[in-house]
Amino acid sequence: MPFEPRLFSDSSGDASIPAARGDDSTIARFAETDGWPPLAAVLAEQLHSDAQRLESAYPPPQSTGLAAMLQARLQAVCDVVAAGDQVGSASDSISVELEPSRLAYPQTLAPRVAWRQIAAAVTLILPTLALLSWRINQPAPLIVQQPAAPLNAGKAITSALAIAEQPPQPTSLYPASAHESLPPHLFKSLSGPQQEAILDMLEEQDMAPGSLSI
Amino acid sequence: MAFDLQTVIDQHFARIHRAALVMTGNPWDADDLAQETFLVLARQAADPQQGARFAGRSQLSTWLYGILLNLDRGLRRRLGTQRQKLRVLWDADHAAPRTTPAADLPSEVAEWKRSLWSFVDRLPEAQRHALTLRYSEQLAYDEIARVLECPLGTVKSRLFHGLESLRVLLEREGEDARSIPRFPHEDQSHAL
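Residue numbers (my numbering), protein chains in the order written: chain X, 1 to 214; chain V, 1001 to 1192.
Some hints could be false.
[To be verified] On the chain X side, residues computed to face chain V include the following (Cβ under 8 Å):
| hint | residue |
| --- | --- |
| 1 | R53 |
| 2 | A57 |
| 3 | R73 |
| 4 | S133 |
| 5 | M201 |
| 6 | L202 |
| 7 | E203 |
[Unchecked claim] Distance ranges between label pairs, derived from CB positions:
| hint | chain 1 | residue 1 | chain 2 | residue 2 | range |
| --- | --- | --- | --- | --- | --- |
| 8 | X | A120 | V | R1073 | 49 to 57 Å |
| 9 | V | S1157 | X | A120 | 39 to 47 Å |
| 10 | V | G1153 | X | M69 | 20 to 28 Å |
| 11 | X | N137 | V | R1078 | 38 to 46 Å |
| 12 | V | E1149 | X | A130 | 21 to 29 Å |
| 13 | V | K1156 | X | M69 | 36 to 44 Å |
| 14 | V | G1074 | X | N137 | 54 to 62 Å |
| 15 | V | R1122 | X | D79 | 39 to 47 Å |
Hints are computed from structural coordinates only; laboratory data are not their basis.
For each residue, glycine too, the CB sits at the ideal point set by N, CA and C.
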């Protein structure tokens, strides 16, 4: 059975399809296919006639006024870039038609965005450092070693039993002094890892005099 | 290089639109792609800071085809990502029967689906672009080489292998079409 490249032959018999009618005068000849397998020439001609058929079926829209429309769109882009700070809101309206990634952050805005990030970082870091330095400068709590009480076995057993009967109190993982010394509004404004880091540092600071006293 | 945009559009819009139509398979995407091609050209002309802009060393049509192919590449990349996401969502919900056309399928017009260009669409990008520029746009070899930024021999090779791949695709499609009965309910052995 010979191979037939026209799998989808047009059954409507449309006169505007020259290839289907076998009208050789309108079929393009492509010189490069002369030395190639015969089917290559058939495919090349069929591709060309299919492109012509598609073009006639879907002609391009009227291009009059297209330049004005495109220039208006271009002007809109330039306005957005010039507006600077309003890029976010204004680009929303044109991002449907244009490539958003290239328009939302054009080259000229890149340094401005970087400066904002730096300012935000400084705003976060400075209070944290101030808090830490303030805490470090605080005098260490004086630990006084209590003299040992005289040995009284009966009294000690009674007090130990009384303590054992008391319900267990929930304890914090962090020392109470750390919670008390932090201004709550500053502490709450920090993220979880930052809070943990600060508490760890404060805990270490609190442990130091205790270990020295021993 | 200064030029009047409306004049350029009048001269080149039809051919750019045709190439876009052949590549996308529907007139809506073709309109968008063609318009965006000229928008990119206007943007390049308006902004002297642009790295790549038309300097008059080649024909303007060649430059426009280059922009069009780049846009087509970007469009396919975006569509590919979208389809992948939709496929992942669809795969997660096997139980629901599909009663509507799949959302991850591109919309193509029937005339395009019946044409050989729907088979060209399945070829690798390099061959697809070469076939489009040669057999739809009828560009000469050296013009195609300039658009695709490759040597002349590569253009010939891509055209040859493109047509060969197309032949293989069509043969395979023909065999598949013959192996499936036209009316499955008449062929009881097919169900077994």
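Next item on the list: May I ask which of the numbered hints given earlier this structure violates, with the numbers listed in increasing order?
Entry: Numbers 4, 5, 6, 7, 8, 9, 10, 11, 12, in rising order.
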